[in-house]
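Participant: Given next are the chains, with one letter for each unit.
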Amino acid sequence: MNKTLKALTLSAGLLSGLASAATEIEWWHAMGGSLGDTVNAMATEFNASQSDYKITPIYKGGYEETITAGISAFRAGEAPAIIQIFDAGAATIINAKGAALSVEDILVDNGYEFDINSYVPGVRYFYADANDKMIGMPFNSSTPVLYYNKAMLADAGVKPPKTWEEFETTAEKLKQKGYVALAQSHTPWIFFENFHSRHDLQMADKDNGFSGLPNKVMYNNKHLKMHLEHVKAWKDAGYYGYYGRVWGDNENAFVKKEVAMWIGSSGSFGGLKTSADFDFGTSYLPYWESINKDAGTTFIGGAALFAMAGHTDKEYEAVAAFFNYLTKPETQYFWHRETGYVPITNAAYNLAKDDGYYAANPDAEVGIKQLSLDEGEWTKGYRLGFYVQTRESIYREMDRIMSGETTVEAALKAIETDANRNLERFARTVK
Amino acid sequence: MANKRVQFSHPIIPYLFIAPQMLIIAIFFIWPALQAAYLSFMLEDPWGMSREFVGLENYQYLFNSAEYLYSFGFSIVFSALVAFLSLGTALILAVKANAVLHMQSTYRVLITWVYAIAPAVAGITAYFIFNRHIGVMYDFLNSLGWQFNPEADAVDASALLILVSVWKQIPVNFVFFLAGLQGIPKAVREAAALDCANERRRFWTITFPLLAPTGFFLLVINITYAFFDTFGIIDTLTQGTPGGRTTTLVYKVYQDGFLGADLGLSSAQSVVLMLLVLSLTFVQFRFIERKIHY
Numbered sequence: 001m002n003k004t005l006k007a008l009t010l011s012a013g014l015l016s017g018l019a020s021a022a023t024e025i026e027w028w029h030a031m032g033g034s035l036g037d038t039v040n041a042m043a044t045e046f047n048a049s050q051s052d053y054k055i056t057p058i059y060k061g062g063y064e065e066t067i068t069a070g071i072s073a074f075r076a077g078e079a080p081a082i083i084q085i086f087d088a089g090a091a092t093i094i095n096a097k098g099a100a101l102s103v104e105d106i107l108v109d110n111g112y113e114f115d116i117n118s119y120v121p122g123v124r125y126f127y128a129d130a131n132d133k134m135i136g137m138p139f140n141s142s143t144p145v146l147y148y149n150k151a152m153l154a155d156a157g158v159k160p161p162k163t164w165e166e167f168e169t170t171a172e173k174l175k176q177k178g179y180v181a182l183a184q185s186h187t188p189w190i191f192f193e194n195f196h197s198r199h200d201l202q203m204a205d206k207d208n209g210f211s212g213l214p215n216k217v218m219y220n221n222k223h224l225k226m227h228l229e230h231v232k233a234w235k236d237a238g239y240y241g242y243y244g245r246v247w248g249d250n251e252n253a254f255v256k257k258e259v260a261m262w263i264g265s266s267g268s269f270g271g272l273k274t275s276a277d278f279d280f281g282t283s284y285l286p287y288w289e290s291i292n293k294d295a296g297t298t299f300i301g302g303a304a305l306f307a308m309a310g311h312t313d314k315e316y317e318a319v320a321a322f323f324n325y326l327t328k329p330e331t332q333y334f335w336h337r338e339t340g341y342v343p344i345t346n347a348a349y350n351l352a353k354d355d356g357y358y359a360a361n362p363d364a365e366v367g368i369k370q371l372s373l374d375e376g377e378w379t380k381g382y383r384l385g386f387y388v389q390t391r392e393s394i395y396r397e398m399d400r401i402m403s404g405e406t407t408v409e410a411a412l413k414a415i416e417t418d419a420n421r422n423l424e425r426f427a428r429t430v431k
Numbered sequence: 001m002a003n004k005r006v007q008f009s010h011p012i013i014p015y016l017f018i019a020p021q022m023l024i025i026a027i028f029f030i031w032p033a034l035q036a037a038y039l040s041f042m043l044e045d046p047w048g049m050s051r052e053f054v055g056l057e058n059y060q061y062l063f064n065s066a067e068y069l070y071s072f073g074f075s076i077v078f079s080a081l082v083a084f085l086s087l088g089t090a091l092i093l094a095v096k097a098n099a100v101l102h103m104q105s106t107y108r109v110l111i112t113w114v115y116a117i118a119p120a121v122a123g124i125t126a127y128f129i130f131n132r133h134i135g136v137m138y139d140f141l142n143s144l145g146w147q148f149n150p151e152a153d154a155v156d157a158s159a160l161l162i163l164v165s166v167w168k169q170i171p172v173n174f175v176f177f178l179a180g181l182q183g184i185p186k187a188v189r190e191a192a193a194l195d196c197a198n199e200r201r202r203f204w205t206i207t208f209p210l211l212a213p214t215g216f217f218l219l220v221i222n223i224t225y226a227f228f229d230t231f232g233i234i235d236t237l238t239q240g241t242p243g244g245r246t247t248t249l250v251y252k253v254y255q256d257g258f259l260g261a262d263l264g265l266s267s268a269q270s271v272v273l274m275l276l277v278l279s280l281t282f283v284q285f286r287f288i289e290r291k292i293h294y
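For the record, the sequence lines run as chains A and B.
Quick note: the first sequence uses our numbering, first residue 1, plus one each step.
Quick note: the second sequence uses our numbering, first residue 1, plus one each step.
The hints are simulated quantities; they were obtained by calculation from the structure and are not laboratory data.
Just so you know, these numbers come straight off a predicted model, no measurement behind them.
Here a beta-carbon is modelled for each residue, glycine too, at the ideal position from N, C-alpha and C.
Please note: incorrect hints may appear among the correct ones.
[What the hints assert, rightly or not] Example chain A residues on the side facing chain B (calculated, C-beta under 7 Å, incomplete):
1) Thr68
2) Phe74
3) Arg75
4) Ala99
5) Asn292
6) Lys293
7) Gly376
8) Ser403
9) Thr407
I would like the entire structure built from these sequences, with the hints used as guidance.
Facilitator: The following block contains the structure:
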C-alpha cells in the first residue's frame, strides 16, 4: 500500500517535472467538425514528435468568432501564441502594428530555413507585407473552382465551360434538357475578388492595399458591371440559380441535382465526395475571354496562422518549431488529403504528385493547378480595411440585384460608397 | 405622529441590504452602458491600440445611412407586429383554455410546451422546416400557389421571422394570461353572467379590464423580447437577409461590432438602441399604465 503510494507520488513528480520542462503554447482556430479532428491530429503528432514544446489547439467557433476572441484576449493581455485569421480579416491584424509578429522573422530568428519562393505562387504573398515579407503562415488555403454533374452535362452533350462566353451556349443546351446550369456559393469571394485576380484587374489603389493604406476600391468598373449584368440576365433566362447568400443553400442545389454546375471552394471537394450521390468533375473558374484572353491565377481563400505579440522568446521558439513542422511536405500532404485544402509549398505539391495521389484523384489537383497558373500584376492578393463590412454590402446588393430591387449600376455605386467609407474609417484607426 | 416613526432609524442598514444588488447593477449594467456611451464618441482600432475622439461622427454616420434607417424602421414594425400577434393569440388561447372543462391541464401543457425552446433552436428548427431543399412547409406553401422564397423575397423572410418569433413567445404570454384569468374572483364572473348574457360583451367589460395589469406587464416584456431576444432566431434563420431587409437594430450592432470590429460605430448603435427602448418603456408607463386599474 505504502509502496504503491510512494511509487505514484514519485511518478507524478516525474511527470510534472517533464511537463514543466516543455514550453506550452495555445493555438486558437476556427476549424470545426472533421477539420477540427484533423487539426487535433496534427497537434498530437507534433507533440509526440518532440518533448520540448507542447501545443494545445482550442476551437473558438467560426472565423469571425475566432478573430473577435483574439482581439478581446489581446486587449486583456492574454492573447494565444498562435491564432487563425481568415482572409477578410487579414488587413485588421497585419495593419495593427504590434499585434502580430512576422512568421518569417520567427522562423529565421530561431534558425529555420525560410524561402518564400518555396511556397506555391497563389499562396505566397497573400498574407505578406509591403516588402513581400510573410506575416501570416497560410494554413487552410482554397480557391474557387467549378464542379459539374457529369451525367447532366453528358445528357446535354456539353463539356464544362472554360470561359463565360462558352457558358452561355452550354447553359442554353442544359436548359433545353430542363437543367438550371449554375449556382455559386460566395458572391464576394467568387464574383468580386477572384473575378479581379483571374482577369488580372486592379481591385484597390495602393497596389490593392499592399503598399499602403488604400482609400479607393475599384469594384465600380465596366468589367464587373458587364459580368453582373450577365449574371442577372442568366438568372432571368433560367441559366443561373440564386439561392440566397448562404453557402450551404447554394451547394445543396448542386447536391440535390437542382443545378448542373456549382462554383465553390476547392476545399469543398472532400465534403461533396460524401454528400453527392452522383459522379462529378472539377474544372477551373471560368473567365471572360473578352476581358483577358490569358486569364491567370486566382486568389486563395481560407485563413492563415498568425503569431501574436506579447510572448516570451521560449514561446516563439515553440511557435517556430510548430510552423516548421506544419510546412513539412509530409504534414502538408496529410492536411491536403484529409481536408481538400491545397498544399501550400511546392515540395508538398510534388510529394502528392509523386505519391500518385492526383493520378487516382485528378479532381483534387484542380485547385492547386489553378493557383499555379500565371501570376499577373494584381494577383498577389488584397488588403482592405473593415473588409468584413464591405463583403456584407456586396452580399446585400447581390440579393437586391437578383430580386430586381436594384440595378447593377446602382448596386456597384452603393458598394463603392460603403467600401470607400470603410477604408477611410479604417485608415484613421491605424496609427 | 411621533409613534408612527419608522422602526429602523439607522440610515446605513437599508443601504447595506441593497448594496449587493446595487453593486451588481453598477458592474453589469451601469458601467457597460457608460462604457458604450464613451466609445460611441470615439473611433478606435479593433486592438485597442489607438483611440481618437470624433464627437458625433458615429451618430452622423448612422443617421445618414439608408441601411441603418431601414433597420430602425424594420425593428419598430417587426416588434410591434410580434408583440401584438403573440399577445393576441395567447389571450385567445388562454380564454379558451380557461373555459375548457375536460382535460384542461393537457391543453395547458401542450400550449406551454414551446416555452422550453431556446430562440436559436427555434430558428434552426424553422430553418429546416422552411428550407427549400428539405423543408416540408416550403413545399406545402409553394403547392398552394404562394411563391414562398424566404432566401430571396424580403416579405417572405420577414413573415417567416415574425411567425417563428410569435410562436416562440405565445407560451410565456399564455401562462401569464391564464394566471391572470384565474385570479379574477369567481363571484365577479358569476355576477357578470347573471347581469349580461352576451359572452363577448362580458369579456370586454369585465374580463379584459381585470386582465389589463397582466397585459401591460406582458406588453413591456414582449417589446423587449421582440427587440433583443429575437436575435437568436434572426441569426439562425435569415442573418438579416435578403438584401439586409430583415436586419433589426440588435442584429446590426452584432454585424458592425462583433463581426466587423468597428467598436465606435456599434457603440453608437447600442446607445441609440438603449435610448429607444428607454423611451418606449417610458411611453408605456406614462400613457398606457395610466389607463390601467390595479
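Participant: It remains to establish, for every hint, whether it holds in the given structure.
Facilitator: A quick look at each hint next to the structure:
no., hint, result
1, Thr68, "holds (6 Å)"
2, Phe74, "holds (6 Å)"
3, Arg75, "holds (4 Å)"
4, Ala99, "holds (5 Å)"
5, Asn292, "violated (31 Å)"
6, Lys293, "violated (35 Å)"
7, Gly376, "violated (30 Å)"
8, Ser403, "holds (5 Å)"
9, Thr407, "violated (13 Å)"
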